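Take the sequences, apply the hints, and build the full model.
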Amino acid sequence: MVEEITSMREDFAQWYTDIVKKTELIDYSSVRGCMILRPYGYAIWENIQRELNKMFVASGHENVYMPMFIPESLLRKEKEHVEGFAPEVAWVTHGGDEELTEKLCVRPTSETLFCEHYANIIHSYRDLPKLYNQWCSVVRWEKTTRPFLRTLEFLWQEGHTAHADADEAQEETLRMLDTYAGFCEKVLSIPVIRGRKSDKEKFAGAKATYSVESLMHDGKALQSATSHNFGDGFARAFGIQYTDKENKLQYVHQTSWGMSTRIIGAIIMVHGDDSGLVLPPAVAPIQTVVIPVSMHKEGVLSRAESLKAELAEKYRTVIDKSDKQPGWKFSEYEMKGVPIRIEIGPRDIEKGEAVLVRRDNGEKIQIKLDEISEKTGLILNEIQSGLYKKALKLREDKTYIAADPESFKKILEETPGFVKAMWCGNPECEAAIKESTGATSRCIPFEQEELSDKCIYCGGRARKMVYWAKAY
RNA sequence: CGGGGUGUGGCUCAGUUUGGCUAGAGUGCUUGGUUCGGGACCAAGAGGUCGCCUGUUCGAAUCAGGUCACCCCGACCA
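In this note's numbering, the protein residues as written are 2 to 473.
Hints listed in this document are in silico derivations from the structure and should not be mistaken for laboratory results. One should not assume that every hint holds.
Claimed, not checked - Now the in silico label distances, taken between C-beta atoms and shown as ranges:
| # | residue 1 | residue 2 | range |
| --- | --- | --- | --- |
| 1 | 18 | 81 | 32 to 38 Å |
| 2 | 97 | 65 | 27 to 33 Å |
| 3 | 93 | 449 | 44 to 50 Å |
| 4 | 93 | 414 | 42 to 48 Å |
| 5 | 375 | 93 | 52 to 58 Å |
| 6 | 307 | 329 | 41 to 47 Å |
| 7 | 353 | 449 | 53 to 59 Å |
| 8 | 128 | 92 | 29 to 35 Å |
| 9 | 104 | 459 | 53 to 59 Å |
| 10 | 313 | 104 | 50 to 56 Å |
| 11 | 97 | 14 | 41 to 47 Å |
| 12 | 92 | 14 | 17 to 23 Å |
| 13 | 247 | 65 | 29 to 35 Å |
| 14 | 436 | 144 | 49 to 55 Å |
To be verified - DSBU-like, lysine-lysine: derived pairs with alpha carbons at most 35 Å apart:
| # | residue 1 | residue 2 |
| --- | --- | --- |
| 15 | 187 | 365 |
| 16 | 435 | 390 |
| 17 | 365 | 410 |
| 18 | 465 | 201 |
| 19 | 471 | 22 |
| 20 | 365 | 322 |
| 21 | 390 | 315 |
| 22 | 365 | 144 |
| 23 | 187 | 309 |
| 24 | 144 | 315 |
| 25 | 144 | 221 |
| 26 | 435 | 144 |
| 27 | 208 | 144 |
| 28 | 80 | 249 |
| 29 | 144 | 80 |
| 30 | 369 | 298 |
| 31 | 208 | 369 |
| 32 | 369 | 421 |
| 33 | 203 | 78 |
| 34 | 80 | 22 |
| 35 | 455 | 471 |
| 36 | 55 | 246 |
| 37 | 203 | 421 |
Note that the structure is predicted; figures quoted are calculated from it, not measured. C-beta: ideal position from N, C-alpha, C; glycine also.
Next comes the structure, spelled out in structure tokens:
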């Protein structure tokens with residue numbers, strides 16, 4: 002047990018803050034609401050980036066880079082979009098001492114830039130589809146901020162695609178949602194609910210928004226990624242037209258989809274425990290750490306070094322040769338969520354063994370040195386899938402069904418989590434539920450269940466089962 | 001943006017109520033030594049314009065006004 006980290010039960014918010022600081026994921030900067038991603042935190046993002054990018058490339062997407070500034074007139078081209086984002090954009094009004102004739106906003110998202118560009122480069126059905134993605138940072142002037150979960154500037158990727166027709170755009174929207182779901186579940190070991198957002202929760206300017214939703218340890222939900230179908234709304238606003246095979250002018254149908262550094266907050270809050278971080282091996286900056294014990298003794302350090310070199314061929318491995326106590330090191334790497342720790346000291350070397358310790362369950366295993374590389378791989382896989390199962394169980398344990406407003410409210414107050422309940426589809430009921438319970442509709446899941454035929458709030462005819470929760 | 005809280009060596013905090021000598025402790029850091037299988041020990045040392053600004057006062061970490069930042073709860077949002 003690490004003393005410096007507040008226990009989850011005692012104060013979840015403080016636990017979270019302790020973790021991000023003490024494990025050196027971030028530091029605060031002198032700019033309000035902006036965080037410094039330290040090497041350990043940034044390495045997680047780089048791993049996420051690498052894995053996710055592979056998936057994008059595999060499905061035919063190309064990376065581009067757009068400017069970070071958007072002229073005011075361009076931002077204003079699509080009405081709903083600007084209304085959605087205007088309250089939280091940062092404006093550049095001066096270049097040096099000179100006032101700009103048109104102010105520029107720092108991109109809060111890049112739909113408008115992509116649209117303008119697409120209008121210029123798409124002319125024929127032969128130019129379609131356009132499957133672009135960009136990795137960048139965006140700025141949203143949030144009122145309150147929290148590391149990873151909400152910062153003024155954050156890193157993300159935003160995919161923007163243009164298609165010949167509505168069906169293809171819808172297919173792309175769902176394919177990318179599925180990509181995110183697979184990424185969360187396989188790479189991050191985070192189970193997600195796939196579904197559609199209600200109109201109230203929809204992206205500004207979208208025809209339909211889909212999301213993958215995950216559940217944190219404290220029973221609050223976190224939108225882990227979104228995928229939007231824009232229909233031809235943006236195309237009409239920006240004049241993105243092409244000539245089809247029949248020589249007729251058509252508007253393109255577009256999508257956009259994104260995942261941000263916020264997902265690191267989910268990794269922390271889904272897998273972490275009172276000893277600190279627990280990182281899924283696929284994105285852990287350090288997969289195994291070799292800790293020499295009694296390293297001043299003859300032969301220990303050199304054996305530990307050669308073990309490290311062997312492991313490093315296959316896994317992200319470090320050796321800690323600092324003169325700290327072994328016990329200190331054990332705690333340190335536990336706190337940092339390193340999946341596997343390997344202790345090697347005189348006793349082990351004599352027997353031709355080492356001690357392998359799993360972060361996920363604390364199990365200590367004596368392993369023959371000549372088998373250790375292979376076993377490490379197997380155990381990393383076990384941890385990867387074990388974390389998923391554990392998280393899934395947690396989510397299932399915290400998923401409830403409510404049949405009436407009173408029990409709905411009671412569940413959210415006493416045992417926070419996902420609440421499944423029927424909804425008539427009326428935004429007023431949705432707003433009223435939020436007002437009385439603080440919970441929002443997280444999504445209308447693809448996997449529907451017929452819990453009842455009455456809306457949880459008004460008792461009218463129910464149309465959909467919805468996942469509700471308090472959310473980050 | 002509303003409500004609450006906090007700013008004092010790197011970190012955690014005491015001191016502020018009731019203004020008063022050279023601002024303390026633990027931990028961390030540096031050096032030397034002894035240790036080393038779950039956060040070691042001894043010794044010596046370095047490190048602070050008390051968030052910032054203005055005021056009150058003979059005198060401000062302490063009082064007043066302002067301001068900035070962070071944390072928590074809410075509203076808004078990825």
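Outcome of the hint check:
no., hint, verdict
1, 18 - 81: 32 to 38 Å, "holds (36 Å)"
2, 97 - 65: 27 to 33 Å, "holds (29 Å)"
3, 93 - 449: 44 to 50 Å, "holds (46 Å)"
4, 93 - 414: 42 to 48 Å, "holds (45 Å)"
5, 375 - 93: 52 to 58 Å, "holds (56 Å)"
6, 307 - 329: 41 to 47 Å, "violated (24 Å)"
7, 353 - 449: 53 to 59 Å, "holds (57 Å)"
8, 128 - 92: 29 to 35 Å, "holds (34 Å)"
9, 104 - 459: 53 to 59 Å, "violated (45 Å)"
10, 313 - 104: 50 to 56 Å, "holds (51 Å)"
11, 97 - 14: 41 to 47 Å, "holds (42 Å)"
12, 92 - 14: 17 to 23 Å, "violated (32 Å)"
13, 247 - 65: 29 to 35 Å, "holds (30 Å)"
14, 436 - 144: 49 to 55 Å, "violated (20 Å)"
15, 187 - 365, "holds (25 Å)"
16, 435 - 390, "holds (31 Å)"
17, 365 - 410, "violated (44 Å)"
18, 465 - 201, "holds (15 Å)"
19, 471 - 22, "holds (25 Å)"
20, 365 - 322, "holds (21 Å)"
21, 390 - 315, "holds (25 Å)"
22, 365 - 144, "violated (46 Å)"
23, 187 - 309, "holds (27 Å)"
24, 144 - 315, "violated (44 Å)"
25, 144 - 221, "holds (20 Å)"
26, 435 - 144, "holds (20 Å)"
27, 208 - 144, "holds (27 Å)"
28, 80 - 249, "holds (27 Å)"
29, 144 - 80, "holds (23 Å)"
30, 369 - 298, "holds (20 Å)"
31, 208 - 369, "violated (59 Å)"
32, 369 - 421, "violated (49 Å)"
33, 203 - 78, "holds (19 Å)"
34, 80 - 22, "violated (40 Å)"
35, 455 - 471, "holds (22 Å)"
36, 55 - 246, "holds (33 Å)"
37, 203 - 421, "holds (20 Å)"
Checked against the numbered hints listed earlier, the structure breaks hints 6, 9, 12, 14, 17, 22, 24, 31, 32, 34; every other hint is satisfied.
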